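There are 4 protein chains.
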Amino acid sequence: MKILKMGMVGGGIGAFIGEVHRKAARMDGYVQVVAGAFDIVPERSLEQGRILGIDPKRCYGTYQEMIRGELALPPEERVDFISICTPNVTHFPVAKACLEAGFNVMCEKPMTMTTEQADELQRIVKKTGLTFGLLHTYTGYPMVKLAKDMVKAGDLGKLRKIEVRYPQGWLGRLAKVKPISAAWRTDPKSSGSSCCMGDIGTHAANLAEYVSGLKITEVLADLGTYLKGRLDDDGNVLFHMQKGVKGVLTATQVGSGEENNLQIWVYGEDRSIGWFQQDPNDLRVLGDNMPEQIWKRGNPYVAEKSPAAGRCTRTPAGHPEAFLEAFANHYKNFTDTIRARQLKKKPTALELDFPSVEDGVRGMKFISAVVASSKKGSVWVKI
Amino acid sequence: MKILKMGMVGGGIGAFIGEVHRKAARMDGYVQVVAGAFDIVPERSLEQGRILGIDPKRCYGTYQEMIRGELALPPEERVDFISICTPNVTHFPVAKACLEAGFNVMCEKPMTMTTEQADELQRIVKKTGLTFGLLHTYTGYPMVKLAKDMVKAGDLGKLRKIEVRYPQGWLGRLAKVKPISAAWRTDPKSSGSSCCMGDIGTHAANLAEYVSGLKITEVLADLGTYLKGRLDDDGNVLFHMQKGVKGVLTATQVGSGEENNLQIWVYGEDRSIGWFQQDPNDLRVLGDNMPEQIWKRGNPYVAEKSPAAGRCTRTPAGHPEAFLEAFANHYKNFTDTIRARQLKKKPTALELDFPSVEDGVRGMKFISAVVASSKKGSVWVKI
Amino acid sequence: MKILKMGMVGGGIGAFIGEVHRKAARMDGYVQVVAGAFDIVPERSLEQGRILGIDPKRCYGTYQEMIRGELALPPEERVDFISICTPNVTHFPVAKACLEAGFNVMCEKPMTMTTEQADELQRIVKKTGLTFGLLHTYTGYPMVKLAKDMVKAGDLGKLRKIEVRYPQGWLGRLAKVKPISAAWRTDPKSSGSSCCMGDIGTHAANLAEYVSGLKITEVLADLGTYLKGRLDDDGNVLFHMQKGVKGVLTATQVGSGEENNLQIWVYGEDRSIGWFQQDPNDLRVLGDNMPEQIWKRGNPYVAEKSPAAGRCTRTPAGHPEAFLEAFANHYKNFTDTIRARQLKKKPTALELDFPSVEDGVRGMKFISAVVASSKKGSVWVKI
Amino acid sequence: MKILKMGMVGGGIGAFIGEVHRKAARMDGYVQVVAGAFDIVPERSLEQGRILGIDPKRCYGTYQEMIRGELALPPEERVDFISICTPNVTHFPVAKACLEAGFNVMCEKPMTMTTEQADELQRIVKKTGLTFGLLHTYTGYPMVKLAKDMVKAGDLGKLRKIEVRYPQGWLGRLAKVKPISAAWRTDPKSSGSSCCMGDIGTHAANLAEYVSGLKITEVLADLGTYLKGRLDDDGNVLFHMQKGVKGVLTATQVGSGEENNLQIWVYGEDRSIGWFQQDPNDLRVLGDNMPEQIWKRGNPYVAEKSPAAGRCTRTPAGHPEAFLEAFANHYKNFTDTIRARQLKKKPTALELDFPSVEDGVRGMKFISAVVASSKKGSVWVKI
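Protein chains in written order, with the working numbering: chain A, 24 to 406; chain B, 24 to 406; chain C, 24 to 406; chain D, 24 to 406.
Keep in mind the hints are simulated off the structure, nothing from the lab. Please read all numbers here as calculations on a predicted model, not as lab measurements. You can take every hint at face value.
No copy is singled out in the list; a pair is fine if it fits within one copy or between any two copies.
Within a straight-line C-alpha distance of at most 30 Å, the following computed DSS-like cross-link-like pairs (lysine-lysine) qualify: (1) K367 with K149; (2) K238 with K251; (3) K181 with K398; (4) K28 with K80; (5) K399 with K181; (6) K25 with K80; (7) K367 with K25; (8) K399 with K388; (9) K251 with K405; (10) K238 with K399; (11) K251 with K175; (12) K238 with K398; (13) K266 with K251; (14) K251 with K181; (15) K266 with K399; (16) K388 with K398; (17) K405 with K119; (18) K388 with K150; (19) K25 with K368; (20) K328 with K238.
All chains, please: the whole structure from these sequences, using the hints.
In structure tokens:
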């Protein structure tokens with residue numbers, strides 16, 4: 024299999040998510056980081072490149088330089104795709120520039136700051152025919168893919184209700200706010216119109232749509248700010264989906280002691296399922312007058328029910344997988360899609376199973392709608 | 024300790040909750056069932072009395088007969104209190120009649136069908152000075168009492184948010200509806216204005232108010248009926264409490280495979296707690312940069328933090344207690360209050376720790392408000 | 024159903040297990056405590072009787088007085104059975120005397136101090152035809168009964184291996200030793216040849232034999248005393264059962280922080296099961312290439328697989344039951360057996376499902392064998 | 024940081040553990056696989072190299088060829104270390120040859136087939152001064168490192184007892200035996216004197232010694248073969264450690280439905296801890312009259328107590344890590360040790376925190392002793 028060349032914008036020294044991107048992309052051995060504008064300070068970008076063993080000529084000070092530099096190389100030497108791991112506010116301009124220069128893009132979320140930007144990016148992706156991925160990590164977990172495939176196969180019967188919770192606690196105290204990642208998240212200038220909903224609410228909404236295969240059609244929100252001077256750091260959302268499914272989404276960043284406790288329950292006429300991110304190798308299945316079932320990652324019966332889950336499994340049952348592997352699964356499918364297209368083949372549905380620009384558009388519309396609903400005193404707002 | 028004499032209205036052959044009342048009341052050995060109008064069919068009432076070893080003369084056909092019969096006895100032979108375990112629609116008239124005849128009352132919930140009836144009952148209780156208890160079972164669990172006392176002691180710091188979920192699945196299919204208890208629950212005539220919210224939503228709301236020590240001030244609801252022809256069998260509620268606390272309450276009776284999965288999370292500035300009814304001996308405590316703690320029933324450190332929990336503990340740590348004991352705790356405090364008052368003593372706060380007529384009034388207002396909110400398309404309604 | 028009259032030896036003020044016996048016996052309303060030699064100090068016995076509302080004439084100072092006193096009553100007024108909740112050393116003489124006087128007996132475990140006494144008691148029970156029960160609590164749990172019935176039905180295939188652990192921590196420090204129950208447990212004079220194995224090891228062995236339906240044929244033990252001057256407070260035992268099943272049993276009373284954490288795993292060719300006393304409403308079922316199943320108490324599918332479990336269930340699924348109910352189940356079956364025999368009927372297998380004098384004999388042989396094995400330096404000793 | 028060059032023996036197409044080695048070694052980006060004798064069939068080795076993007080000249084047919092080929096390169100181009108992932112029987116000769124040729128070695132376990140070979144390898148490692156690592160995966164988990172550091176810091180007080188269980192089920196049926204890895208495991212010729220004890224019992228023993236910091240001094244075993252014609256596929260072991268600590272180790276490969284359920288409990292005078300491999304991000308801490316604590320990976324309080332755990336943590340709390348990361352931690356420390364020695368620096372204790380040739384020697388002695396004990400009818404055998 025062809026080893027793809029990866030470039031990065033962001034992901035400099037000390038950046039948590041940039042290092043996760045690298046570990047995930049490289050996990051299966053078919054991606055190499057060969058270029059990067061890792062930091063807006065050129066010396067720091069160079070230093071990160073040195074740490075990573077990258078040719079100093081390909082350690083750029085800005086994304087614009089990187090685009091120019093890579094385009095100056097012979098086509099076969101250029102990066103095959105660029106990963107964007109910068110603060111939220113820059114996702115859109117960087118992604119736009121990369122796409123317009125002809126590079127495939129893997130982008131951190133939220134994709135943009137406004138729904139208009141999101142729409143524009145979607146048009147660009149469509150026009151260029153390039154591959155665009157978005158890092159909604161949690162749909163990368165194999166047991167989430169199993170959940171989706173169970174719903175799709177009708178195992179749950181007609182869906183009735185979805186509850187999704189996403190409590191975190193790391194922004195619970197002003198004094199504890201960490202310099203880099205916390206500061207920009209809570210600042211409207213770099214984070215857009217929402218903090219909690221933009222940062223984690225969108226993950227929860229994306230998870231609900233992914234698993235159910237249904238779109239959220241309207242929302243009603245009660246956002247709150249417990250620590251003054253911030254954007255929202257908490258929110259509660261009622262929502263309606265297609266086909267009469269109702270739902271509730273709660274997210275908080277000020278739940279003292281909560282780590283990253285994303286949980287989803289999907290209720291159907293025949294079966295219900297529950298999946299909890301902090302226990303990601305299990306999927307719980309409930310039904311009328313039957314024992315509760317715990318489907319466990321890595322078993323043949325899982326792969327049989329869900330080829331998407333089976334394909335995204337690296338270790339056998341009982342040898343747990345976790346966050347990095349979920350992340351790596353998106354890179355796996357994203358890069359397999361690029362490879363297929365490079366060979367002029369149509370990517371399969373399994374290869375295309377990673378969050379797309381459409382997910383990004385929906386995420387921005389979700390944020391926009393919940394912010395609008397809350398501002399109006401909690402009224403239903405259509406998406 | 025004086026053994027109190029208990030009378031029952033309802034609780035005939037095959038009635039689940041009536042038998043629970045008896046087991047709970049008798050658990051500590053200081054209550055005896057000596058009279059009952061167990062069934063509206065006199066022969067069946069007599070038969071239940073026979074099964075229970077009760078004097079046939081005190082097995083009545085109606086609650087009116089029971090009141091007359093008991094009043095005809097010398098005061099020291101009369102029942103000390105009457106437990107009402109009939110379908111919802113009759114709670115109010117029976118309770119009213121018992122109180123007005125001078126009997127203390129333990130009543131199943133919901134207390135009445137309307138807020139007006141609730142207010143009237145509250146007036147009667149106040150006027151008569153009698154002891155009135157309401158069976159919101161879940162606040163009887165010792166670890167719920169511990170949670171309340173932790174909040175009260177300030178261990179959680181200023182409260183921020185409460186999430187409470189109450190999924191059940193037993194009404195999830197029409198065909199499976201059980202003859203007695205399911206039929207009247209889903210029928211407006213016997214259940215009032217709400218099924219799901221009246222039956223279990225009020226438990227969840229009561230739990231949130233009990234643990235937090237705060238009142239819900241306004242609600243916004245999205246109720247639903249998944250099986251046609253019924254009252255609501257599902258509902259999602261946003262709420263606001265005193266002191267700026269926000270919350271979310273979800274309840275469903277159509278969550279396939281869910282049993283009785285009441286769960287509550289309370290988030291404060293300093294600590295957060297979680298309690299799950301199906302795992303009732305544990306209370307989870309989270310905080311910033313500290314290990315998660317599982318406080319376990321029956322230990323000295325629990326009784327020290329919460330005398331109310333310590334008092335309501337019968338077996339040592341590791342010898343689990345459960346639903347019946349929680350139920351019995353309400354009877355224990357209710358009957359201790361009656362004994363104190365019979366001795367002309369002021370009941371202590373610990374003795375008074377059982378759901379009261381005020382809880383019943385609040386429950387009815389909660390139901391009324393959520394039904395109104397949902398009918399108006401999910402708007403905020405004050406309680 | 025006839026209300027049986029219960030007498031007690033032991034169970035005075037402050038005695039934990041005596042109160043458990045009373046609560047359990049009375050739980051279903053068909054047993055009344057009417058007599059007792061609650062304490063060797065007559066005044067204290069009288070006081071306990073007063074607390075319980077018992078006729079002072081039937082509050083005796085010694086078990087001998089009780090036997091005489093009850094025999095002096097007309098047969099229909101006498102106690103139907105006597106429960107023995109005294110320190111270990113007295114179980115045998117009291118049980119013997121009660122049986123020889125014609126009374127049915129429910130006895131705390133261990134049944135006797137020696138295997139010879141156990142054999143003698145077995146002969147007396149056989150000779151008199153009286154009903155004798157032994158309080159190995161844990162086989163009273165419905166999910167343990169389900170486990171037994173699964174094994175019996177062949178669901179696990181041929182059994183291979185059993186692991187049973189019973190860690191407690193309450194005797195982990197000398198300073199913390201509680202006056203009454205801890206003192207006699209660790210003293211050879213009142214506890215026999217073993218503390219840890221006698222007190223909790225026998226429970227674990229009994230559980231293994233009950234669930235598997237197989238007898239332990241030989242043991243190899245490594246007992247230990249971590250706090251000097253005591254009998255064993257810890258022990259590890261390898262064992263062999265009938266039909267080639269192997270096993271391991273560990274028990275400790277000095278496992279810091281452990282409460283009452285009895286756990287059992289049974290491995291068969293086709294299925295494996297796990298049951299954990301601190302989570303008693305669940306039974307875990309594992310098998311090759313299938314989701315793990317959690318069978319949950321109170322559901323129709325449980326009662327269908329195991330009528331013994333169904334019969335011993337008081338509250339619906341999701342309304343947990345626990346230790347007292349398990350205890351009560353033994354009383355239920357024990358008293359139903361007495362009632363059947365009083366009516367000259369042969370008790371059914373379901374009624375006879377409580378620990379018997381045979382279980383007591385086996386328990387004593389188990390203790391004797393593990394003590395002998397350990398003394399000889401851990402050699403195989405036949406039972 | 025210098026990127027180290029890795030060679031492999033074994034790890035060809037379809038080999039589970041070889042791919043795990045590669046993912047783990049490469050995880051942090053400082054190791055590249057540049058050479059390999061991946062398969063004894065040269066064409067298959069070449070094909071695996073092609074898949075991995077390795078220079079065909081460095082895809083060798085045998086380990087002897089690889090050693091010759093690498094030695095023929097200039098020293099700075101040669102592999103920095105060689106990972107051995109072949110069937111058990113070949114570990115010793117390959118490791119010996121690599122070390123004698125001057126290459127650092129990371130070896131799968133068990134290290135050798137006999138204790139004599141183990142002793143010889145230890146002598147060679149000592150003589151050459153090369154770095155030798157052994158893949159006892161489970162001590163790579165950060166929460167196991169935390170456990171070790173808690174014990175070392177005296178948090179548990181004097182240790183009393185260790186229980187370690189390692190149930191698997193994948194060899195539970197003959198028909199299901201997988202062609203490659205199952206066949207040689209159960210065959211004495213390729214697996215040595217033990218299957219279950221050699222394959223997983225040694226992991227459990229190693230874990231007990233690592234966490235406690237104590238050596239097992241004698242064992243008493245009852246091994247068994249449930250599926251005829253095999254070496255042991257099950258075993259139960261009593262053991263004694265230094266300082267009077269007692270223990271029990273059980274392992275099985277025929278526990279129907281068990282995946283990889285390694286569990287350890289360590290009991291001390293003051294605290295007890297429990298760690299379960301299938302839930303690897305948590306460490307449970309129990310103590311007298313205190314809430315149970317769940318220490319959770321990724322938190323500052325964990326890194327403070329255990330720098331070894333902190334150093335081996337890649338994602339923040341709540342973003343779970345798992346098996347691959349544990350594996351990668353051994354590679355991280357192993358390669359950091361190599362780097363230090365290449366720079367003529369003394370590796371730190373944190374860098375040296377990976378399983379060594381001494382662990383391998385102890386593992387072989389453990390296997391030898393338990394096999395001898397069991398053959399003699401379960402007698403104590405000194406290690």
